[in-house]
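J.: Just so you know, the protein sequences line up as chains G and C, in that order. For the first sequence, position 265 (counting from the first letter as 1) is numbered 265 according to my numbering, and the numbering increases by one without interruption. For the second sequence, position 31 (counting from the first letter as 1) is numbered 360 according to my numbering, and the numbering increases by one without interruption.
No wet-lab data here; the hints were simulated from the structure. All values derive from a computational prediction rather than experimental measurement. Beta carbons: idealized from backbone N, C-alpha and C, even for Gly. Hints should not be assumed to be uniformly reliable.
[What the hints assert, rightly or not] Pairwise CB distance ranges (calculated):
#: 1; chain 1: C; residue 1: Ala375; chain 2: G; residue 2: Pro290; range: 45 to 51 Å
#: 2; chain 1: G; residue 1: Val115; chain 2: C; residue 2: Val340; range: 45 to 51 Å
#: 3; chain 1: G; residue 1: Gly257; chain 2: C; residue 2: Asn380; range: 28 to 34 Å
#: 4; chain 1: C; residue 1: Ala348; chain 2: G; residue 2: Leu23; range: 41 to 47 Å
#: 5; chain 1: G; residue 1: Gly147; chain 2: C; residue 2: Thr453; range: 43 to 49 Å
#: 6; chain 1: G; residue 1: Gly257; chain 2: C; residue 2: Pro490; range: 33 to 39 Å
#: 7; chain 1: G; residue 1: Ala291; chain 2: C; residue 2: Gly497; range: 37 to 43 Å
#: 8; chain 1: C; residue 1: Asn380; chain 2: G; residue 2: Leu60; range: 55 to 61 Å
#: 9; chain 1: G; residue 1: Leu119; chain 2: C; residue 2: Gly520; range: 42 to 48 Å
#: 10; chain 1: G; residue 1: Gly147; chain 2: C; residue 2: Gly467; range: 41 to 47 Å
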Amino acid sequence: MMSEQNTMPKDSNHLRRILVLTLVLSVAADLLYWFLVGPHVPPGRMTSTASDNQWDFNILMVIALPVLIGVWVFLGYTIATWSSKRANVAEPKGGAEARSNMKAQAYWIVITTVVVLFLAGFGTFELIKGDGSGGGEGPNPVWEPVGAAQAETAALSSSASWAPGKVLVVQVIAQQWKFTYRYPQFGGFESQELILPDNTTVAFNVTSLDVIHSFWAYQLEVKADANPQQNNVAFTTTKQLGNFTVRCSELCGIWHGAMFDYGKVETQGNFSTWASTTETANAANTADLPAFAWTYVPDANGAAGGYYPDGTVTPYSSVEIYGAKQAAS
Amino acid sequence: MSIAGRLATVVVAFLVAVALVVAAVAAFLTPGTPGGVVNFTNAQAAGQPVNLTVQTVGSIGTGPHPTWVSYLVKDPQGKWIHDTTWELPAHTLVHMTVYQYDSGSPLRNQEWGQVQGTIGGTATLNGKTYSQYDSYTGNGVGHTFAIPTLGLSVPLIGVSPNATNVCGVAPCHFNLPHNVITFSFMTPSAGNYPWQCFVPCGLGYLYGNGGPMSTQNYMGGFLDVVAQ
Numbered sequence: 001m002m003s004e005q006n007t008m009p010k011d012s013n014h015l016r017r018i019l020v021l022t023l024v025l026s027v028a029a030d031l032l033y034w035f036l037v038g039p040h041v042p043p044g045r046m047t048s049t050a051s052d053n054q055w056d057f058n059i060l061m062v063i064a065l066p067v068l069i070g071v072w073v074f075l076g077y078t079i080a081t082w083s084s085k086r087a088n089v090a091e092p093k094g095g096a097e098a099r100s101n102m103k104a105q106a107y108w109i110v111i112t113t114v115v116v117l118f119l120a121g122f123g124t125f126e127l128i129k130g131d132g133s134g135g136g137e138g139p140n141p142v143w144e145p146v147g148a149a150q151a152e153t154a155a156l157s158s159s160a161s162w163a164p165g166k167v168l169v170v171q172v173i174a175q176q177w178k179f180t181y182r183y184p185q186f187g188g189f190e191s192q193e194l195i196l197p198d199n200t201t202v203a204f205n206v207t208s209l210d211v212i213h214s215f216w217a218y219q220l221e222v223k224a225d226a227n228p229q230q231n232n233v234a235f236t237t238t239k240q241l242g243n244f245t246v247r248c249s250e251l252c253g254i255w256h257g258a259m260f261d262y263g264k265v266e267t268q269g270n271f272s273t274w275a276s277t278t279e280t281a282n283a284a285n286t287a288d289l290p291a292f293a294w295t296y297v298p299d300a301n302g303a304a305g306g307y308y309p310d311g312t313v314t315p316y317s318s319v320e321i322y323g324a325k326q327a328a329s
Numbered sequence: 330m331s332i333a334g335r336l337a338t339v340v341v342a343f344l345v346a347v348a349l350v351v352a353a354v355a356a357f358l359t360p361g362t363p364g365g366v367v368n369f370t371n372a373q374a375a376g377q378p379v380n381l382t383v384q385t386v387g388s389i390g391t392g393p394h395p396t397w398v399s400y401l402v403k404d405p406q407g408k409w410i411h412d413t414t415w416e417l418p419a420h421t422l423v424h425m426t427v428y429q430y431d432s433g434s435p436l437r438n439q440e441w442g443q444v445q446g447t448i449g450g451t452a453t454l455n456g457k458t459y460s461q462y463d464s465y466t467g468n469g470v471g472h473t474f475a476i477p478t479l480g481l482s483v484p485l486i487g488v489s490p491n492a493t494n495v496c497g498v499a500p501c502h503f504n505l506p507h508n509v510i511t512f513s514f515m516t517p518s519a520g521n522y523p524w525q526c527f528v529p530c531g532l533g534y535l536y537g538n539g540g541p542m543s544t545q546n547y548m549g550g551f552l553d554v555v556a557q
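The shape of chain C in the complex, shown without the other chains (with noise of 0.2 Å):
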């Protein structure tokens, strides 16, 4: 082979190694399909509180992990939509209801049992104020509402596990058996806030953190605050 065949072959050689880095390294970055970003801030005049409505479902039933926990939320025009980034506008009220259909267990730290955060440190469950709520007992927690870097923290207690007809597949219908979970909160200044599930509920992986707890979309996602 000549110089300058071999001197291509080098070349070609070290772009195919340099495209395959770059490659693992987005990769790596970005785990999981990430969603799209569901837009709240014009759902209301400005300074008016935001409705946030959400379901947290067993399995969600399509995509490329449809046996894998998630959230759906409702977007501004009424329509469910899988996506976990939210913008929401930045020192606002956000009054926020999760239709949980996912069934309970024990906290792995019941300091997570407690309602952290919120608007008078509150919770309703089915209408019920609740503070605090002891995972060991009823129907344990299915799953929590955490945006860590803001302490807000709310259990959201699971459906009985003697529950017949259980929801499936997302979205989950009224009639199916659910709670329902209503709290409030003041969206901080503009940022991007993550908030995830202290639940590990990611079903045969190493601790219950993989799979949906550790891919983009399903058990976390942002709080995409802006300046109104």
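If we strip away everything but chain G, and leave its shape as in the complex, we get (with noise of 0.2 Å):
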């Protein structure tokens, strides 16, 4: 018996080798990952939002991909090491020997109490940052993006105006079953396609005229509950030129799979001049339209009539009196 303990290392080399190993593991890991994968990650990088996204993913995964080495490793470790059929390998100690091992108890405590901490430190920050999520989006949002203000509460304006360096607000109205977009700071026509300017923040505006849909665009990572008479508002800013899919996430009816379209970005010259040429295009039916509002409130009876601006949600202002409910002046 005394041999057999003789041939063994001590319980700190086992514990120093399973940490070397995960250590120069967990480097080539990540650094692969890092290099190889992350840039590739979905949602890509063609908007603010969606090189956040990227972003969180990937350091949540440098730091998953050592925690899931570290438990393969002393998984096999252990069966290497300690296997019943190995001769010479004196039997596993357990009970009270083994819980009192305040090493690997502090490792342990340590480790995950950092992990946890960190992780949620790190996940509060991003959410609320660049008016994430966390409270610059929705019915009230609490940041938002320098000149978003400004520029929603100059969109009810029939003057409205936009240029680069300006936000752009977009209006997505969702129906069963299809998206269509207005922009005030065009005149308020309104449009199947959803076309965007490179290097611009957008401010967009959800709102539904039935049941509830969802606004996903994918690639942008902005993603919105279309609700009827709500104004659901979601900000990014776009970097990248190319295309993007919407689709609808919020099972909304026979067609809901249905409920998709491909929107692109633009560059700022080519985007004005889809804009202008648009809104001169869509004149007589923009004149048909209802007052730009940010909700519209539809005849429940089917058929029988069309919308108009909803006049119990006030205009985009201040989070102090936004969604208040207040008839508009």
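Combine the two chains into a complex, taking the hints into account.
T.: Structure follows, in structure tokens:
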């Protein structure tokens, strides 16, 4: 028995080996992931929110990989070192002796505590920074990008306009079973196309004419519920040219699966040309649209009528009065 | 009860539960009774335009929901068929004629008052070309024929609400009040393209989008486009 135990390394050697092995493999795995996989993780980098989302996911993955590898290394080391099939291996000790390993307990508590606290802090910070969904979006935005409140307030004016550098206001109108888009800074025209300018902060104002839908522009990393008589605000800043997909992500009826379309991020010049051209081409129809408003009230009797601005929702303004159900002035 | 008996009871109960779940899922996934497919791929020589003629009726008059609004399509043999899945050749010009027998109203969203996605961005109403219709004027819009994935949408102008002798049961006779709307479009590459109405015409249902608007073979269907 004495000879068997003498052939085994000390407990501290076991732990050192496991830690070193875990560290080496983790560094290798993290580097491989960060440089080979990370840049390709969806939703990509088309917008600020997409980049943030990719960054968050990659950070979490880099933290998770060492945990995963540590568990695997420990299991593998255990099987290889203390397998009962191997000769000269002492029976593992259990009970009080195992529980009294203070070093193992300390490592476990400290490492897991640090990891969990870091993730909690990191997650909270990421949620609220950059006007994220933790407070900067929704029916009552707490934070908004610079210039957003001014642009949104001005959007209700018939003289609202857009120029490069200004926040672009886009209204997303969901209806069974199609999204349409209004551009209040271009005369309030409505279109089936969603075209956005590059390097521009966009304020999406999402509402519905009937049931609950959800506007999900996947590559933009923008997702906002479309609720009737609610104006759900979401912000992002475009960073790359390209196409993106818009889907409804709330089961909304028989043609829900067909409720998708494709948008495009264009250069600012191309966007201005498209918007001006569409404004002119749609002028006759725009004249028949209701005045631009954050929400619209359809006639619940179905085919009996059209929709009209909901006067009970105040214009976008400071958080104190927005959504306060006051009559519009 | 013996162990074998208990076991058999449990197995039978389990199988019944599974069957009920499967039936419920199947019923959810196949609302209504899907119709057949009207084939237009062999009605003309390859590459030649397809003539597609439909009529919209205020009440279909037959079947499980005789009061529901619906479409009928004229098959290549000239017979009116109540099917809303139409097989068409890919990359082919389609000349569509709609006989509109239903009355109209303002559109919930005037965006659908525009003619979009057709050849030339126009349609004709009783021979007169139009590209946009203010649904708050005239007879309003009865229905829209729209293929959202193709960006095609045409408002189908309603008949006068004061008209007498309005068609009550399909198929409607040409002597009854109606509008004739024509337009043309190109079929895309092979695939299934859902079409629908954007007028919430399911009267009596929440927001008008239940009933015939949410049941296959009434106010929606598919273009089953096949390669030739």
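J.: Indicate, hint by hint, whether the structure satisfies it.
T.: Evaluated hints:
1. C:Ala375 / G:Pro290: 45 to 51 Å: 47 Å, holds
2. G:Val115 / C:Val340: 45 to 51 Å: This hint holds: roughly 47 Å between Cβ atoms.
3. G:Gly257 / C:Asn380: 28 to 34 Å: 30 Å, holds
4. C:Ala348 / G:Leu23: 41 to 47 Å: 55 Å, violated
5. G:Gly147 / C:Thr453: 43 to 49 Å: 47 Å, holds
6. G:Gly257 / C:Pro490: 33 to 39 Å: For Pro490 (chain C) against Gly257 (chain G), whose Cβ atoms are near 35 Å apart, the range 33 to 39 Å holds.
7. G:Ala291 / C:Gly497: 37 to 43 Å: 39 Å, holds
8. C:Asn380 / G:Leu60: 55 to 61 Å: Taking Cβ atoms as reference, Asn380 (chain C) and Leu60 (chain G) lie about 58 Å apart, which means the hint holds.
9. G:Leu119 / C:Gly520: 42 to 48 Å: 44 Å, holds
10. G:Gly147 / C:Gly467: 41 to 47 Å: 43 Å, holds
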